[in-house]
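S.K.: Residue-level listing of the chains:
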Amino acid sequence: MIRSIGDIARSDLLLRALVEAVVVGALGGVIGVHIVLRRLPFTVMALTHATFPGVVLAGILGLNLIAGSAAFGVVVVVLLWVVSRRRELDTSTATGVILAGGFATGVLLFSAQSGFDRDLTSYLVGSVLTVSTADVVATAVIASAVVGALVLIGGPLTFSAFDRIGAEAAGVPVVYLDLAVLLLIELALVVSVPTVGIILSVSLLVAPAATARLWVDRIGASMWLAALLGATAGAVGIVISQAAGTAAGATIAVVAGGGFALSVIGSPRHGLLARRRVAARSFAG
Amino acid sequence: MRHFFVEPFQYGFMQRALVVSLVIGAVGGIVGSYVVLRRISFFADTLTHTVFPGVAIAFVTGHSLWLGALVAGVASALLFSLATTNRRVDDDAAMAILLTTFFAVGVMVVSRVESYTNDLLVLLFGRVLTVDRADIVSTVAIGAVALCIVGALHKELVFRAFDPEGAEAAGYSPLLLDIALNLAVTLVVVAALQAVGTVLVIALLVTPAATSRLVTRGLGTMIAVGAAVGMAAAYLGLVISFSASVDHGVRLATGATIVVVLTVGFTLVAAATWLRRRPAVAA
Amino acid sequence: MIPALELDDVCVAFDDVRVLDGVTATVEAGDSVALIGPNGAGKSTLLRAILGLVPVTDGHIRVLGTTPRLARRQVAYVPQADTLDSEFPVSVLQVVLMGRFREVGWIRRPGRADRAAALDALGQVGLADRAHDRFGVLSGGQRQRVLLARALCQKARLLLLDEPFNGVDSSTQELFLEVLARQREAGVAIVMPTHDLTVAHLACGDACLLNQRQYGFGPIGDVLSPDALRATYESQALLRPGDEVILTDHHHHL
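Protein chains in written order, with our numbering: chain F, 17 to 301; chain W, 5 to 287; chain E, 7 to 260.
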């Protein structure tokens with residue numbers, strides 16, 4: 017183990033990858049708390065898939081990838097937001113249609129411009145090992161902005177998640193908060209997709225937060241814990257992937273998922289083992 | 005017209021691609037009707053991703069893809085049930101984590117093989133233009149089993165979708181019915197591996213039935229129209245991608261074209277029904 | 007004759023929380039019991055326990071002389087219609103036929119005899135002419151009638167109806183009372199949670215007061231005394247001069 021870490025310290029490339037993974041992991045954890053709270057994992061899946069055409073378009077037109085995918089992402093966000101507000105449409109079905117249709121559009125554009133000769137996998141599974149210093153800086157800046165925004169609107173956000181009607185009655189602009197959350201998620205995706213890819217970015221946006229929920233109760237504390245768990249998953253994932261020779265993004269996702277699984281079983285208060293002990297005790301008398 | 009719609013199929017490979025695509029279109033439309041009625045699009049999407057590592061491992065070790073998919077499907081269904089017994093775990097979060105973790109395992113497995121890009125792409129996106137007779141047979145066979153499952157359990161699946169409480173009270177185990185539908189979905193994913201791969205098969209399960217739902221009123225018609233939409237999109241997708249390639253020199257991935265056709269169709273139908281439903285403005 | 011339902015000190019707990027405790031009652035064929043108590047009292051849990059969907063932690067339940075699971079064929083459940091999706095592409099007749107599915111068995115489709123039984127049940131609730139309409143286009147009261155017809159189709163010996171009079175129009179209410187009376191004459195036993203004390207008096211001969219534990223069971227006139235109601239509903243019942251009790255839970259009054 018020490019040898020790998022030493023190797024990483026000596027390699028600029030790996031160091032950048034490590035920092036990027038840690039920042040993306042922490043960001044995922046923080047915003048993930050709200051994603052889990054507001055039952056948005058499926059919507060986030062749709063966001064990651066439907067934003068893909070934007071990345072491809074940006075690539076074709078020679079635009080900056082982050083700007084391109086962000087711009088397209090805004091369109092998708094608005095679409096999903098509109099869909100979720102229409103009552104006669106079944107939201108989960110419509111989200112599924114958008115998810116698949118958006119992604120297929122991206123694949124279509126991608127194949128049109130060069131067949132599959134270029135590496136599609138970097139979109140799917142990320143390419144954290146090829147991040148530049150500029151990328152890392154951009155990630156850190158955007159991450160700070162997102163976290164800052166979340167801290168700012170955190171109160172009303174939590175209120176509207178727990179008691180939408182009450183919040184609305186109290187004058188909280190719940191509809192616009194929904195939109196704001198989606199936009200912030202899109203921003204987080206814009207930096208995490210290049211790192212871990214489309215499908216696996218959902219892992220960092222959900223797993224650390226869901227894990228934190230099994231250990232702590234209060235939102236504030238869970239945001240800190242989720243950030244820590246996400247950052248750890250990022251770092252550990254990079255180290256293991258180097259040692260085992262596996263794809264970095266995928267390894268990070270497996271670490272994050274593994275952490276969740278262990279917590280589901282072993283968490284002292286909410287884990288399955290703990291609840292069995294409690295149940296056994298209450299009927300022993 | 006003939007040139008566009010009929011001539012592509014003078015070639016053997018296009019004929020075979022058509023047969024496979026039509027079968028998948030129909031089976032997806034039918035099985036997908038139950039997915040849409042039960043509102044489990046996310047879970048179906050989860051299944052398509054969790055099946056991937058099973059398929060990947062089977063592919064890499066030279067075993068039957070269908071067996072790999074089945075094992076992975078069963079494992080993920082069990083883990084999902086286990087995770088959601090915990091009150092602190094939402095269904096949505098559990099599915100997302102299951103989906104991404106399993107998928108990541110699949111990627112890790114494939115990535116350990118040198119230059120894995122090509123194999124990964126085939127598994128993920130299919131390769132319908134290179135199917136052979138054996139592929140047709142296996143697609144039809146697996147699709148038929150999926151149809152048998154939903155056909156045999158049709159009335160119970162509908163009962164559960166419409167009135168889960170009442171169905172349970174009548175003595176139908178929700179778990180067993182869900183497992184049956186999940187099994188049918190897993191089979192569709194495996195059958196569709198050639199045509200569209202694992203990433204896009206969710207479109208074949210959800211979009212035709214969703215489109216059909218918008219324009220039909222009865223149950224039987226919804227399922228039948230779903231199958232028809234699936235088949236029509238498969239056909240159109242094939243001719244469009246063929247024409248683009250041969251007549252215009254633009255390479256369009258076949259599976260993706262089929263899905264885009266489906267999505268455009270859904271959008272048009274959704275827009276039309278929405279416009280029709282808006283109340284007339286009073287003079 | 008075997009009692010339709012025997013509850014013997016029934017207790018149900020989830021994790022370590024007791025949601026039902028000490029429920030004891032005997033329901034004979036042709037009896038009709040109102041389950042009365044505030045929201046969260048455990049009425050739905052009791053129904054689920056009778057159906058065998060929820061395990062009993064202590065005590066026993068015997069349905070028609072056997073365990074709840076084995077008796078399920080003879081027990082019909084009528085849920086509240088507003089929990090169902092009104093956009094679902096299913097016809098009135100198809101919904102009623104669902105009551106015959108167990109009879110039809112696996113894989114087979116309902117046959118002529120089943121359709122005849124379903125139409126007959128629809129006739130009993132006055133909706134035979136709407137058999138082919140989509141379920142969702144009917145009014146709330148009509149939908150509730152369809153669900154009752156579904157249960158009648160089953161030819162059960164025990165009917166469980168979850169708040170059947172909730173929010174239905176008066177003609178539906180009358181119809182329900184008639185149908186239930188006829189069922190009782192035929193020897194069918196009825197158990198129904200309800201908030202409406204007036205209706206409980208009209209439809210039921212017995213009552214069971216529940217609020218996590220049993221506060222009384224017996225003939226409805228005896229059991230529904232103001233004191234007993236107040237004890238059951240605790241702060242949610244007000245005693246007004248002249249022994250009139252108002253239950254502030256769910257805005258229903260006597």
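Watch out, some of these pointers could steer you wrong.
Unchecked claim - With the C-beta cut set under 10 Å, the calculated list includes, among others, these residues of chain W facing chain F:
id	residue
1	LEU86
2	ASP94
3	LEU124
4	THR134
5	SER142
6	VAL144
7	ALA148
8	LEU151
9	CYS152
10	ALA156
11	HIS158
12	VAL203
13	LEU208
14	LEU256
What the hints assert, rightly or not - Mimicking SDA-like on lysine to any residue, the simulated pairs with C-alpha atoms at most 25 Å apart in a straight line are:
id	chain 1	residue 1	chain 2	residue 2
15	W	LYS159	E	GLU184
16	W	LYS159	E	PRO225
17	E	LYS161	W	PRO178
18	W	LYS159	E	ARG114
19	E	LYS161	E	ALA137
20	E	LYS161	W	GLU172
21	W	LYS159	E	ASP15
22	W	LYS159	E	ARG121
23	E	LYS161	E	ALA237
24	E	LYS161	W	LEU218
25	W	LYS159	E	THR63
26	E	LYS161	E	GLY147
27	W	LYS159	E	ARG54
28	W	LYS159	E	GLN86
29	W	LYS159	W	LEU218
30	W	LYS159	W	PRO178
31	W	LYS159	E	GLY117
32	W	LYS159	E	GLU109
Unchecked claim - Covered stretches of chain W (in silico footprint by chain E; criterion: 3 or more residues with CB under 8 Å from a CB of chain E, positions within the stretch not fixed):
id	region
33	24–35
34	243–253
Worth flagging that the hints you see were computed from the coordinates, not collected in a lab. Every residue gets a Cβ at the ideal spot worked out from N, C-alpha and C, and that includes glycine.
S.K.: What hints, given by number in increasing order, does this structure fail?
M.R.: Of the numbered hints, 4, 5, 6, 7, 8, 9, 10, 11, 15, 16, 21, 23, 24, 25, 33, 34 do not hold.
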